[in-house]
Amino acid sequence: MTMVIPARRWPVRAGPYLGPILAIVVWELLARALSDAFVLAAPSAILLYLIDNAGLMGRALGVTLANAAAGFVIGNLAAIALATLAVVWPRSDAMVRGLALLVFCLPLVATGPILRVVFGPGPWPQIVLAALAVYYTTLIPLLVGLRALPTGWLDLVRSYGRGRMAALIHVRAMAALPYLVAGLQIAAPAAFLGAMVGEFTGAERGMGVLTIRAMRGMNVEMTWALASVATAVAVLGYLAIGWIARVFMTDEPPVILAAPAEGPRKGPRALLTVLTVAVVMIVIWWGGLKLLNLSPFFAKGPWDVFEALFLAPDAAATRSTLTDALQETGVFLLPGYLAGLAAGAVLAMLVVLFPAISGTAMPVAIALRSVPIITTAPLVVLILGRGALGTVVLVAIMVFFPTFVACLHGLRQAPGRVMDVMRSYAASPWQVLLRVRIPAMLPAFFAAARMNVPASVLAVTVVEWLATGNGIGSVMALSASLSDYDMLWSSVALVCVLSALGYALVGLLERRVLAAYAPEQLA
Amino acid sequence: MTAKPVINRRHLLATGAGAMGAGILGLSPRQAFAQSQVSLQLSWLHSTQFAGSYIALDRGWWAEGGLEVSLLQGGPNAPVEPPVVSGTALVGISAADYTAAAVAEGAPFKIIGVAMQNNPFAITSLTENPVNVPADLGGKRIGMALANTPVLQALCTLNDVDFDAIEIVPTQYSPQPLVAGEVDCLLSWETDLPVALTIQGVDNTTMLLADHGYAVHSQTYIVTEDSLANRRDEIVALMAGEVRGWDAYREDTDAATDLTLAMFPDAGLDLETQRLQAARQVPLMFSDLTDANGFGWWSDDTVAANIETLALLDRSVTPDLWDRSILEEVHGS
Numbered sequence: 001m002t003m004v005i006p007a008r009r010w011p012v013r014a015g016p017y018l019g020p021i022l023a024i025v026v027w028e029l030l031a032r033a034l035s036d037a038f039v040l041a042a043p044s045a046i047l048l049y050l051i052d053n054a055g056l057m058g059r060a061l062g063v064t065l066a067n068a069a070a071g072f073v074i075g076n077l078a079a080i081a082l083a084t085l086a087v088v089w090p091r092s093d094a095m096v097r098g099l100a101l102l103v104f105c106l107p108l109v110a111t112g113p114i115l116r117v118v119f120g121p122g123p124w125p126q127i128v129l130a131a132l133a134v135y136y137t138t139l140i141p142l143l144v145g146l147r148a149l150p151t152g153w154l155d156l157v158r159s160y161g162r163g164r165m166a167a168l169i170h171v172r173a174m175a176a177l178p179y180l181v182a183g184l185q186i187a188a189p190a191a192f193l194g195a196m197v198g199e200f201t202g203a204e205r206g207m208g209v210l211t212i213r214a215m216r217g218m219n220v221e222m223t224w225a226l227a228s229v230a231t232a233v234a235v236l237g238y239l240a241i242g243w244i245a246r247v248f249m250t251d252e253p254p255v256i257l258a259a260p261a262e263g264p265r266k267g268p269r270a271l272l273t274v275l276t277v278a279v280v281m282i283v284i285w286w287g288g289l290k291l292l293n294l295s296p297f298f299a300k301g302p303w304d305v306f307e308a309l310f311l312a313p314d315a316a317a318t319r320s321t322l323t324d325a326l327q328e329t330g331v332f333l334l335p336g337y338l339a340g341l342a343a344g345a346v347l348a349m350l351v352v353l354f355p356a357i358s359g360t361a362m363p364v365a366i367a368l369r370s371v372p373i374i375t376t377a378p379l380v381v382l383i384l385g386r387g388a389l390g391t392v393v394l395v396a397i398m399v400f401f402p403t404f405v406a407c408l409h410g411l412r413q414a415p416g417r418v419m420d421v422m423r424s425y426a427a428s429p430w431q432v433l434l435r436v437r438i439p440a441m442l443p444a445f446f447a448a449a450r451m452n453v454p455a456s457v458l459a460v461t462v463v464e465w466l467a468t469g470n471g472i473g474s475v476m477a478l479s480a481s482l483s484d485y486d487m488l489w490s491s492v493a494l495v496c497v498l499s500a501l502g503y504a505l506v507g508l509l510e511r512r513v514l515a516a517y518a519p520e521q522l523a
Numbered sequence: 001m002t003a004k005p006v007i008n009r010r011h012l013l014a015t016g017a018g019a020m021g022a023g024i025l026g027l028s029p030r031q032a033f034a035q036s037q038v039s040l041q042l043s044w045l046h047s048t049q050f051a052g053s054y055i056a057l058d059r060g061w062w063a064e065g066g067l068e069v070s071l072l073q074g075g076p077n078a079p080v081e082p083p084v085v086s087g088t089a090l091v092g093i094s095a096a097d098y099t100a101a102a103v104a105e106g107a108p109f110k111i112i113g114v115a116m117q118n119n120p121f122a123i124t125s126l127t128e129n130p131v132n133v134p135a136d137l138g139g140k141r142i143g144m145a146l147a148n149t150p151v152l153q154a155l156c157t158l159n160d161v162d163f164d165a166i167e168i169v170p171t172q173y174s175p176q177p178l179v180a181g182e183v184d185c186l187l188s189w190e191t192d193l194p195v196a197l198t199i200q201g202v203d204n205t206t207m208l209l210a211d212h213g214y215a216v217h218s219q220t221y222i223v224t225e226d227s228l229a230n231r232r233d234e235i236v237a238l239m240a241g242e243v244r245g246w247d248a249y250r251e252d253t254d255a256a257t258d259l260t261l262a263m264f265p266d267a268g269l270d271l272e273t274q275r276l277q278a279a280r281q282v283p284l285m286f287s288d289l290t291d292a293n294g295f296g297w298w299s300d301d302t303v304a305a306n307i308e309t310l311a312l313l314d315r316s317v318t319p320d321l322w323d324r325s326i327l328e329e330v331h332g333s
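Protein sequence lines, in the order shown, are assigned to chains A and B.
Under my numbering, the first residue of the first sequence carries the number 1, and numbering increases by one thereafter.
Under my numbering, the first residue of the second sequence carries the number 1, and numbering increases by one thereafter.
I should point out that these hints are in silico values taken from the structure, not numbers from a laboratory.
These numbers come from a predicted model, not from an experiment.
A hint or two may mislead.
Unchecked claim - Covered stretches of chain B, going by a simulated chain A footprint (3 or more residues, C-beta under 8 Å):
no. : region
1   : 69-81
2   : 95-103
3   : 269-276
4   : 298-309
Glycine is no exception: its CB is placed at the ideal position from the N, C-alpha and C atoms.
Using the sequences and the accompanying hints, generate a full structural model.
Structure below.
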C-alpha cells in the first residue's frame with residue numbers, strides 16, 4: 001500500500017518540526033505563568049525531575065511496560081484468533097461480535113477488584129486489563145480488513161479447487177494487514193493505560209501506583225513526568241508499528257468492485273442472533289461465577305441482578321438511582337462521542353489534503369490520546385470547569401484518536417488504479433477526496449464509530465469516577481466501596497446492554513450507507 | 001537500606017527451605033515448621049499509614065508467633081471486603097462505617113481491633129480563610145469525594161449546622177482546587193491532603209471531625225466469623241505482632257518512616273511527607289484508653305458513641321459487631 005509521503009513534494013527541513021517546538025515553548029511559558037496553581041509543570045521542570053528520579057521512574061516504567069506488553073500480545077492474539085474464526089466459519093460471526101462487544105463493555109471499575117480476587121497478588125490483573133483494553137479495537141478493523149478484497153480473488157482461489165483456509169492465508173490475510181496495523185497502533189496507548197489503571201487494584205509498583213501518589217501529594221512535577229513518560233512510550237509504540245508496517249507493506253490497495261448486497265438482513269433472523277448472544281452471555285456469566293467459586297457476597301449472578309432490579313423491596317429505588325445516573329452520563333456521553341468522531345474524520349482528511357501538517361498533527365494527536373486520562377482529567381476540568389464541557393471534551397479526546405487513525409488508513413485505502421485515473425484527468429485534491437478517498441474511508445469510519453461506542457462509555461465512567469464524581473461511573477465506584485454489589489452488578493449489566501444497543505444503532509446506519517459505497521462488507 | 005535483604009533472606013528461609021524440608025519428610029509446611037502463611041489486606045498504598053505492621057514484619061515478631069505474613073497493598077480500586085470474605089486475606093483493615101455497610105449486605109464480619117481511636121476525617125482550609133469550628137462551614141464551598149457526603153451530613157446534624165447552606169464541589173481526590181481557589185475547604189483525612197499542602201508550603205488549618213462529635217472507629221481490623229471460630233490462634237498471633245509493631249512505632253515515628261522508605265523504594269514516597277504523616281497519626285491512634293488498656297482497645301462507651309454516629313450515616317449496628325476476645329487474649333486481660 002502507499003503511505004502518502006510528504007517528503008516528495010514538501011522537502012523535509014524545519015517545517016514539520018516547527019509545530020512541536022512551538023508547542024513546547026508555549027507549554028513552558030504557560031506552566032511558568034500558572035506556577036501557583038499546582039496544575040501544570042514546565043518541560044524544563046519535568047526534565048529535571050526525570051533526571052533526579054531516573055532510578056525510580058525507570059523501575060516503574062519497566063514494570064508497567066512489561067505488563068502492558070504482555071497484555072498487548074495476549075489481547076491482540078485473541079483478537080486475531082476471534083477474527084479468523086468469524087471469517088472461516090461465517091455462522092459464528094454474529095456470536096463473536098456480540099460476545100466480544102459485551103466483554104469489552106465491562107467497566108474497569110467493576111472488573112478490577114474481581115480480577116484481583118481471582119488472581120491474587122501479582123501482575124495478572126494488570127495484564128488482563130491491558131488485554132481487555134486492546135482486543136476489541138483490533139478485532140473490529142480486522143473483521144473489516146478480512147473482507148476488504150475483490151470478490152474475483154476469492155473466485156480465483158475457488159477455481160483452483162482450494163477452500164476457505166487457502167483463501168484466508170493467501171488472500172484475506174494480505175488484504176487485512178493494513179487494517180491490522182491500524183488496530184495495533186490504536187492498541188499501543190490503550191494497553192499502557194489499561195496496565196496503569198490495573199495497578200489501582202492494589203499492585204505493589206508501577207507507573208499507575210506512582211500516579212496516585214503524585215496526585216494525592218500534589219506533586220505536579222511527578223504527575224507530569226509520569227504523564228510525559230507514558231505519552232512518550234505510547235508514541236514510540238505507535239511509530240514503531242507504523243514503521244514495521246511500511247517496511248513490509250508496499251503494494252497499492254486493489255480496486256474493490258462488488259455487487260450491491262441484497263438489502264438489510266431480515267428482522268426475525270437478526271432478533272434470533274441477539275437472543276442467542278444474550279443467552280450465551282448469561283450462561284457464561286453464571287457458569288464463570290460457579291467455576292471460579294466466587295463468594296456470593298460480591299459475585300452476583302444474573303438472577304441476583306434480576307432480583308435487585310425487579311423483585312427486591314427496594315427495586316424501585318435501585319431503578320431510579322440507575323436511571324438518574326444514566327441520564328447524567330448520557331448528557332456528557334453523546335456530544336463527546338459525536339464531537340470525537342467528527343474531529344477524528346476531519347483531521348484525517350486535512351492530513352491527507354495537506355500532508356505538511358501531519359508533522360504537527362500526528363504527534364499532537366497521538367500525545368492527546370496517550371497522556372493517561374487519569375492525569376489529564378483534572379487539568380481539563382480546571383480549564384473547562386466541572387460542568388458538562390470538561391467531561392465532553394475528555395470523551396471526545398478518547399473517541400477522536402481511534403477514529404483519526406482508522407480514517408487515515410481508510411483514506412489511504414483509495415485504490416491505486418482509480419487514483420491513476422483521477423490523476424490522468426488532473427482532478428483536484430478536493431475532487432479526489434470527495435469521489436475516491438471518502439468512499440474508500442467509509443468502512444473504516446463506521447468500524448471506528450462502532451468500536452467507539454464502548455470506548456466512549458469507558459472514558460466517561462473513568463472521568464466520572466476520578467474527576468467529576470457524578471453519573472453512572474460514580475455510582476459504580478461508590479457501590480463498590482459500600483459493598484453494595486447488587487447495585488454494582490446491576491449497573492454493569494445495564495451499561496453493557498445500553499452499549500450494545502448503541503452499537504446496534506450505529507450498525508443499522510452503517511448497513512444503509514455501505515450498501516451503496518462498500519457492498520463487499522455486507523456479503 | 002538494610003531492611004529489604006533481611007526480609008528476603010527470612011522469606012527464603014521460611015518458604016524455600018521450609019517447603020524443601022516438608023517435601024522430603026512428606027509433611028505439610030505447618031507440621032514441619034509451625035509457620036502458617038496468612039495475608040493482611042491493607043486499605044491503601046504502602047506508606048507510614050501501616051508502618052507498625054512493617055516493624056512487626058521487619059523484626060520477625062510474626063515469625064516468632066509462627067506466622068509468615070504477606071502485606072497486601074490496597075488502592076483506589078481495591079476494596080478490602082472481597083479478599084477478606086473470600087479468604088485471600090485473613091484480616092483486613094477497614095473502618096466501622098464500611099464494615100457496617102458490608103454487614104448490612106450480608107458479609108459476616110467482626111471488628112477485632114481499632115487502630116484509629118479518633119476518626120481521621122478533617123476539614124482543611126487555608127489559614128487566611130479558616131474553618132475552625134463546624135459553624136464556620138455555613139456559606140462555604142467544600143471540595144470532597146461525593147462518596148463522603150454522608151460524613152458531612154452527619155457532622156452538620158451533630159453540630160446543628162445547616163447542611164443546605166454548604167456548597168459541595170466534587171473535587172474527588174485532589175487538594176489542588178483549594179489552592180486554585182475553586183473551593184474554600186476540603187474534606188479528607190487529617191494525614192492525607194493537609195500533609196501534602198503543608199509540605200508544598202501552603203499554610204493551612206485543619207479541624208478534626210472527631211473533636212466535634214463524629215465518632216467512627218477507623219483503620220479497624222476485620223475478620224469473618226468463620227475465621228474467628230476456626231483460625232483463632234493465627235489471628236491472635238497476627239494481632240500480637242500488630243500491637244508490638246505499633247507500640248514500637250509510637251516510640252520513634254522517624255525510625256518507622258525510615259523503615260517504610262527502605263522497604264518500599266519503588267513506592268515513590270517522600271521522606272518529609274511521610275515523617276509528617278507518621279507524626280500526625282500518633283494522636284489519632286493512641287489515647288488515655290489505649291494507654292490504660294493497650295493498642296487497639298475500645299470500651300462500651302466508645303462503641304455506644306460509634307453506634308450513635310453510624311445511625312446518622314443510616315447504618316444500624318449492634319454492639320456485637322465488635323468482638324474484643326482477641327485483644328483480651330493478646331493483652332492478657
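Where does the structure disagree with the numbered hints, that is, which hint numbers, in rising order? The structure conflicts with hint 4 only, although it agrees with all the remaining ones.
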